[in-house]
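Construct the complete structure from the given sequences, taking the supplied hints into account.
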Amino acid sequence: MTRRELLRLTLMTGAMSALGGSASLDVLVHAADEEYEGPLSSIKTGGLIRPPGALQERAFRAKCISCGVCVNVCHAMRYDAIAVAPFSSPFGKGGLRGLLDFGSPYIKDMRDFPCALCMECPKQCPAGALVSVEKEKVTMGMALIDFSLCFGWNGDVCLSCSKACPIGGKVFDFYNGEWGNQPYINERCVGCGLCVRYCPLGGSAIKVVTKRQYEAVKAAYTGDFKKLREMSGEARYNIVYGQNLPQIMARGRLVEREYR
Amino acid sequence: MSIDKQDAGYGTPNPEKKQRTGLPLSRLRRFVLLGIIVLFILQFVRVKILVGGLTGSLAVWFVTLIDIFAYADGLVSSRDFGMTALVSVLPVALIYLVFGRAFCGWVCPMDFLYELVGRMKNRSKKSELSSQRKGNISPKIGYGLAAAFLLISGLLEVPFFTNYLSHLTNFFRLLTGGVFFGMNLPVDRSVIIFSGSIIAGLLVLEFFFPRLWCRVFCPVGKTYGLFNKISLIRLSFAEGQCGECNLCDHMCYMKVKIARHIDETGLRDINCIYCGRCIDGCSTKGKLIKMRLWR
Numbered sequence: 001m002t003r004r005e006l007l008r009l010t011l012m013t014g015a016m017s018a019l020g021g022s023a024s025l026d027v028l029v030h031a032a033d034e035e036y037e038g039p040l041s042s043i044k045t046g047g048l049i050r051p052p053g054a055l056q057e058r059a060f061r062a063k064c065i066s067c068g069v070c071v072n073v074c075h076a077m078r079y080d081a082i083a084v085a086p087f088s089s090p091f092g093k094g095g096l097r098g099l100l101d102f103g104s105p106y107i108k109d110m111r112d113f114p115c116a117l118c119m120e121c122p123k124q125c126p127a128g129a130l131v132s133v134e135k136e137k138v139t140m141g142m143a144l145i146d147f148s149l150c151f152g153w154n155g156d157v158c159l160s161c162s163k164a165c166p167i168g169g170k171v172f173d174f175y176n177g178e179w180g181n182q183p184y185i186n187e188r189c190v191g192c193g194l195c196v197r198y199c200p201l202g203g204s205a206i207k208v209v210t211k212r213q214y215e216a217v218k219a220a221y222t223g224d225f226k227k228l229r230e231m232s233g234e235a236r237y238n239i240v241y242g243q244n245l246p247q248i249m250a251r252g253r254l255v256e257r258e259y260r
Numbered sequence: 001m002s003i004d005k006q007d008a009g010y011g012t013p014n015p016e017k018k019q020r021t022g023l024p025l026s027r028l029r030r031f032v033l034l035g036i037i038v039l040f041i042l043q044f045v046r047v048k049i050l051v052g053g054l055t056g057s058l059a060v061w062f063v064t065l066i067d068i069f070a071y072a073d074g075l076v077s078s079r080d081f082g083m084t085a086l087v088s089v090l091p092v093a094l095i096y097l098v099f100g101r102a103f104c105g106w107v108c109p110m111d112f113l114y115e116l117v118g119r120m121k122n123r124s125k126k127s128e129l130s131s132q133r134k135g136n137i138s139p140k141i142g143y144g145l146a147a148a149f150l151l152i153s154g155l156l157e158v159p160f161f162t163n164y165l166s167h168l169t170n171f172f173r174l175l176t177g178g179v180f181f182g183m184n185l186p187v188d189r190s191v192i193i194f195s196g197s198i199i200a201g202l203l204v205l206e207f208f209f210p211r212l213w214c215r216v217f218c219p220v221g222k223t224y225g226l227f228n229k230i231s232l233i234r235l236s237f238a239e240g241q242c243g244e245c246n247l248c249d250h251m252c253y254m255k256v257k258i259a260r261h262i263d264e265t266g267l268r269d270i271n272c273i274y275c276g277r278c279i280d281g282c283s284t285k286g287k288l289i290k291m292r293l294w295r
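From first to last, the protein sequence lines stand for chains A and B. Going by this note's numbering, the first residue of the first sequence is number 1, and it counts up by one from there. Going by this note's numbering, the first residue of the second sequence is number 1, and it counts up by one from there.
Each hint can be trusted.
List of simulated lysine-lysine pairs, DSS-like, C-alpha gap at most 25 Å: (1) A:K93 <-> A:K218; (2) B:K48 <-> A:K135; (3) A:K108 <-> B:K48; (4) A:K163 <-> A:K108; (5) B:K257 <-> B:K285; (6) B:K255 <-> B:K287; (7) A:K211 <-> A:K93; (8) A:K170 <-> A:K226; (9) A:K123 <-> B:K48.
FYI, nobody ran anything at the bench for these hints, they're computed from the structure. Given the structure is predicted, the values throughout are model-derived calculations rather than measurements.
This is how it looks when you write it as structure tokens:
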């Protein structure tokens with residue numbers, strides 16, 4: 001650790017120990033909110049999902065002055081995807097850096113308020129922390145399908161996610177077979193989360209993680225995908241009927257979310 | 001003879017002259033402030049005339065604006081703030097090259113909240129002027145504090161004051177957060193609690209030490225105060241009419257020593273927020289002290 005980093009650390013601890021108190025509050029308040037355990041609960045989101053066109057994390061945090069223009073522009077566009085980030089826990093992976101998350105914008109709730117890639121917020125960010133880019137080049141995150149919950153991977157034809165996707169055909173690969181129309185989201189995914197919103201399964205079968213987190217879990221995730229594709233019919237039958245369908249049925253609530 | 005004139009004007013209400021000058025400045029600036037706040041509130045019903053907050057905003061659909069201290073903060077924390085931010089800060093700099101520190105008196109929402117606190121306090125205490133005694137800390141501390149905030153921003157690589165402590169950021173964060181919470185939109189409760197407690201803390205500070213924040217600590221105001229030295233606007237004094245009642249000094253809650261400079265042609269004080277209280281309070285009914293943009 002260089003002297004500069006040490007200084008930075010001590011300053012952070014000193015200046016923000018007073019502010020850190022409310023970090024634990026959020027955990028308390030939101031613990032009871034979740035209806036179902038999320039998809040792919042073993043994989044963490046890996047940090048905050050930033051609005052489209054955000055710079056690299058460090059440069060973004062340095063430039064964002066927390067003015068709230070993106071939050072309110074998103075509200076004016078009727079998407080309400082962007083929220084102001086609270087303190088992340090200083091005991092998490094980012095350590096004390098988590099305290100620096102406070103005040104910056106992030107996509108809070110993709111199940112109900114996904115980003116629609118209207119690209120208004122980068123156009124109107126006064127600080128230049130969000131920069132206008134093409135829709136296809138946005139790097140908010142990466143959507144991962146939970147193969148054990150997805151209808152398409154468990155003997156059904158659903159297509160909801162691919163219909164919701166704003167960049168449709170480029171992102172979705174389909175592996176049609178006797179076990180359904182098996183969708184797979186490739187690396188061109190920008191992570192807007194519209195598919196999360198429109199997945200008809202209660203609690204959604206899709207999770208969006210940051211691009212950096214995807215790099216970390218890529219091997220395991222694609223490994224799972226290949227294993228399922230190469231699995232023999234009988235083994236697959238046992239998994240689908242033995243484990244997956246009971247889970248899916250328990251989360252049933254097919255379209256209740258859409259019509260509430 | 002001239003003394004007679006002054007005595008006649010001293011303390012006696014003169015309705016004719018008041019009508020001629022129109023709305024008193026202290027009333028007018030409240031309308032300006034409320035207008036701006038209402039425009040900011042209209043963003044929640046999707047009218048994009050003013051979007052964001054006073055730290056940074058989007059005006060009339062396409063003009064982006066950044067507060068000057070927030071710009072300095074971002075410049076230090078990011079090292080390279082880029083063209084977008086520069087384009088955003090230029091219109092603001094231009095406005096305050098003309099109007100100086102008028103931001104504090106005419107636009108800052110805390111000024112209004114502080115006045116409410118003052119009224120609440122005076123209801124129990126009755127004396128408006130008694131609040132002037134306390135808080136004799138040198139305003140120069142504010143510049144050291146602002147520099148310290150910038151230093152912390154540079155070390156943390158986060159706009160420290162603007163992001164965590166700024167009354168402007170937190171006021172509008174609280175406003176947006178509260179409205180979103182009421183509309184059941186995504187918002188973290190801890191953010192509302194944090195911003196609310198910062199604002200509440202400033203109001204408590206105001207209750208015990210009136211205008212200490214504005215006069216001594218607020219880095220945003222200090223930055224605009226520097227503009228006072230070169231801005232077009234200034235206080236100008238007419239010659240030879242002063243009754244030496246010192247009402248202007250009493251009225252000024254920024255503790256600008258006006259009476260001491262009354263013999264000069266004008267005054268450019270770093271702490272003057274052009275609220276117009278000295279003009280409204282002056283016993284000559286606006287003849288002696290004026291706000292001048294030219295000459």
